[in-house]
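Engineer: Given the coordinates of chain A, work out where chain B should sit on it, guided by the hints.
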Amino acid sequence: MSQPASATTSPDAAPILSVRDLTVHFPLRHSLLTHAVKLRAVDGVSFDLRPGETLGIVGESGCGKSTLGRAILRLIEPTGGTVAWMGTDFLGLDAGKLRAQRRNMQIIFQDPLASLDPRMTVGKIIGKPLKTFQPDIKKAELQQRVIEAMQQVGLAPEMVNRYPHEFSGGQCQRIGIARAMILKPRLIVCDEPVSALDVSIQAQVINLLMRLQREHGLSLLFISHNLSVVRHISHRILVLYLGKVMEIADRDSFYRRPLHPYSQALISAIPLPDPKLERQRQRIVLQGELPSPVNPPPGCRFCTRCPKATEICRTTPPELTDHGGDHLVACHHV
Amino acid sequence: MSMPKEPILQVRDLSIEFKLADGWKTAVDRVDMDLRPGEIMGIVGESGSGKSQILLAAMGLTANNGRVRGSIKFLGQEIVSTPAAKLDRIRGSAMSMIFQDPMTSLNPYLRVSEQLMEVLIAHQGLGKTDARKQVIAMLERVHIPDAARRVDLYPHEFSGGMRQRVMIAMALLCKPALLLADEPTTALDVTVQAQILELLAELAHDTGTTVAIVTHDLGVVSRLCDRVTVLYGGRVMESADIDTLFELPAHPYTNGLIASTPRLDTGMDEELVTIPGQPRLMGTAIPGCPFEPRCSRRQEHCRSEQPPLSALSGDAAHRVACHHPLEAASTQPPLLNQRVSS
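Protein sequences appear in the order of chains A and B.
Residue numbers for the first sequence follow this note's numbering, so the first one is 1 and each next one is one higher.
Residue numbers for the second sequence follow this note's numbering, so the first one is 335 and each next one is one higher.
Isolated chain B, as found in the complex:
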């Protein structure tokens, strides 16, 4: 596998478990993932897929009842098990995060100016005057009209879309190498979502920031991303560039997800394709494929043997974890069965 550049974020064998009333539950189960410099990676999954937990672990923000195993390397530096004090030098500057709900992630008691200036003062040691100048410039950069005046407003005085712009401005103040975005447009109306997606694409393009965006919306992925990783039940099901993934999905889950999405440009009167059953919730680790109970292509061994995430023949960048991937994706017989871990 020849990757063009060293990954900016390298996730290896990442497992995240949480201690709940009835024991340890696995949210993320041995995930591998690479983010290459400058790309926009979509991380797609339904509730319980573990998609947000991966981003939180990358920021060192896993909840106290959680334990993280495996490795997350950011620009070569190990994040897992690094003490918080040391992480604070990276978080918010070289790597930053935006969340779904900007109202709950901004401090309601502080003016926007104070919250944003603090970032520059803490990380770059700027004086107040310079910090304020840069904050206003950044608010203009994310197209907040009349930024010089609005900078002194409180978060509640902004609309939902404008608040998300403030969050994005805050995340980009220190010109991070990596921006992690957790469902950044899910709480917004479609016309405002369109504005924010356009803004993210523009900023990523102009600054070369690498972006990982978690979403459940395949439309958002196809509008914004270069590559996509599909998660189910805490495992990576498939990973490919977006054209390949949408045209030749190899995993039955990916295929089902695409087919069950109602869309604006296809037949209207057919019944929607459905994936039977319910999404797998956080539970005890299982020996087989997490999608097996809902899969139309399942066979006996899918329950007992975990399919490894392997490249499809002919496309090293297209990786799928399935014993019986869809035919269309590969003209040659899949080689996956041979490599079942003992």
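For reference, chain A alone in the conformation it holds in the complex:
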């Protein structure tokens, strides 16, 4: 049953998604006298996502990870950069073509209950995307597809006429996943999909996503602040800090030898459910908190909290460079 996670991807496959220098800036205030002040939520992010691959996007609150996920789907329009979807320019698509492509790309959200319309039955919620893209679909076929989607995610088809509030958090998340799966998408952006769930339910949903991914060759962008969860589900990891990529690497390589001081601190900050190991561990406790993305440090974004920072870090932003085996790091001191 349990396949090596890497078995579904082939490193040579052409990327399904190519993101280059993507920026999302939010204007904060305008006036004639002052400069327009911008919040740099995402500031020059580049990566590729291959078919059947899960890319884990990790970072702390305010690092831009959710904005990045939404900008890729154009739920928030990017300010700059390019997104190529299956080889074609995605940001240039007009409304009609964008809509047609959207059926290949779905999203699931953190708060499972809030992302479901409380006045719609589960069947209506799950069937809605299909009805939207195939308005003349026969009622019986729609019903059949809804039932299939429910079975796929482990929901009993008898519950099709119930309302969201009758379900637990874990079941609501399954409804959200069924709604995303019914169009048979190529890509799902998962925005903190298990963060609101209890531990025992988290594991059920993670296993479900991994199984769907294997069986359907899905590509997942898995956004999370939880490095243990991300490690379990991802093939590659991207670490984001104040809108910039700090490190991108293959999962095994990243967790065996994280190279960026921020990645090292992040991993070291996670408490392990093992008291003996916890006592032996050397920990890097970072000082301070994330600076404001309105006025980010001019050099390396992480320099204000970095234990290794020197003069160059304060003045010159480090380039994202390959340290062998596609392990990319943006740091002057690696």
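These aren't lab readings, by the way, just hints derived from the structure by calculation.
Pulled a few chain A residues facing chain B out of the computed Cβ check, cut under 7 Å:
no., residue
1, SER200
2, ILE206
3, PRO275
Chain B residues, not near chain A, derived (Cβ > 10 Å throughout):
no., residue
4, GLU340
5, PRO341
6, GLN344
7, ASP356
8, ALA397
9, VAL414
10, ALA418
11, GLY622
12, LEU660
Glycine included, C-beta positions come from ideal geometry on N, C-alpha and C.
Structural biologist: Relative to chain A, chain B alone:
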């Protein structure tokens, strides 16, 4: 059972029920728990386990539609049924509490200085000048940089981590014997959580304050706590020192909880172990074990007979409420079945 010292908090047969639209629902069901002086106790459970309700009841803060039965003794004094006016002498001074979200538990209209000084003025009768001095000293103690200036800021002018430090400072101002912490790091980022956990450990160690921390995160427990109590469906499932609990969990629920937690140091590609089904929500009291519907070791009588919380042979401090505890925890046949209450 020989306990080294008298417990600082003694919970006996505690039940908490709430009157909802469709009748009384049980949130906490006959819980026993002891906190010994100086220890850090982790109270672990998922949503609906009743973990936060126990802390709130200990502070006398159960919501108006709730009723509390049983006994909670703090330093020998009964808390349940004590009138609020009398509790106010203890709350915030000998016993204090910190919450998950510091933004909603600090008053947004008042400067931090006013909120913290008020504690000392009310409980210890200090004058403003002395109170202010002590407040600044305490803010320095929780490592708030530039405390003398920042003391006059408003809560929103602090970051999330700094606000939690302010809350901790406020709770510790009167040098409480007992600190109750309800998910104090859940709303924080991991790097900030690491700072706050380090701070709590340091303060507890230096002041000898007893701490009860409610959390759903087994990692937080293993980093911070000495002992742990596992709750499910309002009942205590298991209680032990942390090494024992993580190495030799005896309750199938504890075992499942540990196994289903994704971790950084184990195999990556296996499917995670899951506990089937959904957590038990607040409901009517049941005759059997609340975990029975999800348990892999359940048998017929688990549904009808409540397993008592009993010590495992060989370890008086390791207590488990299960008719069929895991073998590894005990080399001798469990004696639990004999003591089913009639």
